[in-house]
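Visitor: Construct the entire structure; sequences and hints are all you get.
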Amino acid sequence: MSYDLLLNAVMAGLLLGGFYAAVTIGISISFGILDIVNIAHPAFIILGSYIAYIVNAQFGLDPIAASIIALPVFYALGAAIYQVYYLSFEKRGQDPLRGLAFFFGILFITEVTLVLTFGVDYRYVQAGYIEQSWHIGIIDLPLRMLVPCLMSLIMLVALQLFLTRTFTGRAIMAVAQDQLALQLMAADPIRIKRIAFAISIATAALAGAFLIIIQPVEPSIGRDYIGRVFAICVLGGLGSLPGTLIGAVLLGIVESFTATFYGPSWGPAVSFGLLLLTLALRPVGLLGR
Amino acid sequence: MNSAIRSGTFVLACSAVAAIVFVGAWTAGNDYVFFAGYTVLQFVVLATAWNILGGYTGYVNFGTAAFFALGAYSTVFFHKFYPMPVPVLVIIGAVVSGLVGLGMGYLTLRLRGAFFAIATLALAVVLQTLVVNWNYVGGARGAYVIRPAAVEGLSLPYIQYLFLIMLALAATAIVTARIVERSKLGFGFAAIRDDELAAEASGVPTLKLKLIATTLSGALMGMAGAPFPYYIGYLQPSSAFALEYAVNSIAMPMIGGTTSWVGPLLGALLLGTLQQITTVTISSAVNLLIVGLLLVGFVIIAPNGLIGLWQRLFRKQ
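Residue numbers (my numbering), protein chains in the order written: chain R, 1 to 289; chain X, 1 to 317.
What the hints contain is simulated information worked out from the structure, not anything from laboratory work.
Treat the numbers as computed from the prediction; the structure is a model and nothing was measured.
Backbone N, C-alpha and C fix where the C-beta goes; we use that ideal spot for every residue, glycine too.
Treat the hints loosely; a few may be bogus.
Here are the in silico distance ranges between beta carbons for each label pair [stated by the list, open to error]:
1) X:Val17 to R:Ala181: 56 to 66 Å
2) R:Asp224 to X:Arg147: 26 to 36 Å
3) R:Leu7 to X:Leu197: 49 to 59 Å
4) R:Asp188 to X:Gly203: 36 to 46 Å
5) X:Gly139 to R:Ser2: 45 to 55 Å
6) X:Gly139 to R:Asp224: 16 to 26 Å
Chain R is nowhere near these chain X residues, computed Cβ spacing over 12 Å in every case [said to hold, decoys possible]:
7) Ala19
8) Ala28
9) Arg110
10) Ala114
11) Ile118
12) Ala119
13) Thr129
14) Val145
15) Thr172
16) Ile179
17) Ser183
18) Ile232
19) Thr273
20) Gln276
21) Ala285
22) Leu293
Guide: As structure tokens, then:
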């Protein structure tokens, strides 16, 4: 095993991990904090990719800028979905089984609609930095990996500050633990949950743009990410953003090593295998409470 | 004793219905009826199997495709390794999938329901990756399984033979579901679904019952998958592990109603037939969209499915 191959595999894993953190952060909020098992999240990420693709192809706008413009739309979409979810399942006290089936249906509808609209061809975006690469010593830093990784770290830090320093953010952290106490602080738990879920969907717009910068996208690749996001979320300890980052980097490195030394066709099994192992051995995750 | 007699009558009734269905399909005199009917019956088995775990016990399984594909790929394996008649392969498929169901249960059932659901999804991807990388069963390229023209000793065209097997499997699945539903086992399952903690506290052996449910459900799904390579002729991982099996086997019980064996049967017959029609008349992508929309619509508007709607209509009067 050559030294620079190893070093580059580690570096690629770190960059990939940064991106995975952006993909998972929405699930960490919805599943980790709100206890809403939104398995449709990866489908929204793909939707985000396609929006970045359309805006990029039509107006030549940078994909990340396009996704920032799309943020309010995704936020509104998230708020609307939570409202339906709340009225149909949480309020009626329906068993979680139907909530799961609901999101599974949404995942499917989103994917098939994308297939019917855009077909199953791979789509990609154009931006000046995508084909460039920096070289530091023997380490390669492709910008198509570095830019999403850095942007995702910025997003993570911003959200962490929001969750720990603002009233609404702290209310979000509290909502899963004690709704009554929250009401006594004059905060409506339903409103807080709606805001949190809307934020979680909004992160999918950005994550989608990162995804299509990193690799070409077609509608069904979202499924590969279902395993990844839940593996990272569970690995990091549910609902902890620093834990999410650690889990994401860990998975990124493991995947990068597998791809470098065994071949990329084993990639999907790594995350899911890691998920099954975590669930079987340490279900509370690395930073679990 | 009384319930045993009723079960006996039910088995007879099921066999009679199956015989009528077969004769009916046969008089249609068109092989397409058998091809389409096979798919609908396959969904009857899958939906009923899913419901034993999902509907009775309350654990959502997103990995139907994994158990189905296990049955299909065990057939591909033995087709190359040591060819055997389809009924034997069905039993092998059931054993393989049942064992994987048991293992799956051991790994995850001590956790909350949502984790089980995610883990089943994970299982499907792990198994698909293994199959893609396993050259003996065709790997990513897929495997040809040549269907014999006719069955030895039976003067039946092969597709009619497969149809007959699937018909028998559907009857088996329904009888199993009904027996489970009315036995002590079924009451235990319902107790787990309604309140697992309370069930555990009242002395219901929850882990054991859940393991029985995953094994039974997995085995039935494997049975449904075993004849599939002969039906399709060319099996590749993406068709055996197709997500449409997962979404259909969830949507069908949800649309029919999850509390009794009638629900999945009703849902599978309606949705399966509808899909056969839309696949022929419109396109297969549109038919999947319809399934998704129906699933979401039903869980929001009619959470207890068609059976729930029926009961609401007739009990009020």
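Visitor: Are the hints correct? Go through all of them and say.
Guide: Hint by hint, here is what the structure shows:
1. X:Val17 to R:Ala181: 56 to 66 Å: At roughly 58 Å between Cβ atoms, alanine 181 of chain R and valine 17 of chain X fall inside 56 to 66 Å, so the hint holds.
2. R:Asp224 to X:Arg147: 26 to 36 Å: At 33 Å between Cβs, range holds.
3. R:Leu7 to X:Leu197: 49 to 59 Å: holds (51 Å)
4. R:Asp188 to X:Gly203: 36 to 46 Å: At 42 Å between Cβs, range holds.
5. X:Gly139 to R:Ser2: 45 to 55 Å: Given range 45 to 55 Å: violated, Cβ gap about 29 Å.
6. X:Gly139 to R:Asp224: 16 to 26 Å: Taking Cβ atoms as reference, glycine 139 of chain X and aspartate 224 of chain R lie about 19 Å apart, which means the hint holds.
7. Ala19: holds (35 Å)
8. Ala28: holds (32 Å)
9. Arg110: The claim is violated: arginine 110 of chain X sits with its nearest Cβ about 8 Å from chain R, within 12 Å.
10. Ala114: Alanine 114 of chain X not clear of chain R: closest Cβ-Cβ about 4 Å, inside 12 Å.
11. Ile118: violated (5 Å)
12. Ala119: violated (6 Å)
13. Thr129: violated (4 Å)
14. Val145: holds (23 Å)
15. Thr172: Given that every Cβ of chain R is farther than 12 Å from that of threonine 172 of chain X, nearest at about 25 Å, it holds.
16. Ile179: holds (23 Å)
17. Ser183: holds (22 Å)
18. Ile232: Consistent with the label, isoleucine 232 of chain X stays out of reach of chain R, its closest Cβ about 20 Å off (over 12 Å).
19. Thr273: holds (20 Å)
20. Gln276: holds (18 Å)
21. Ala285: violated (6 Å)
22. Leu293: violated (6 Å)
Comparing the model with each earlier hint shows violations of hints 5, 9, 10, 11, 12, 13, 21, 22; every other hint is respected.
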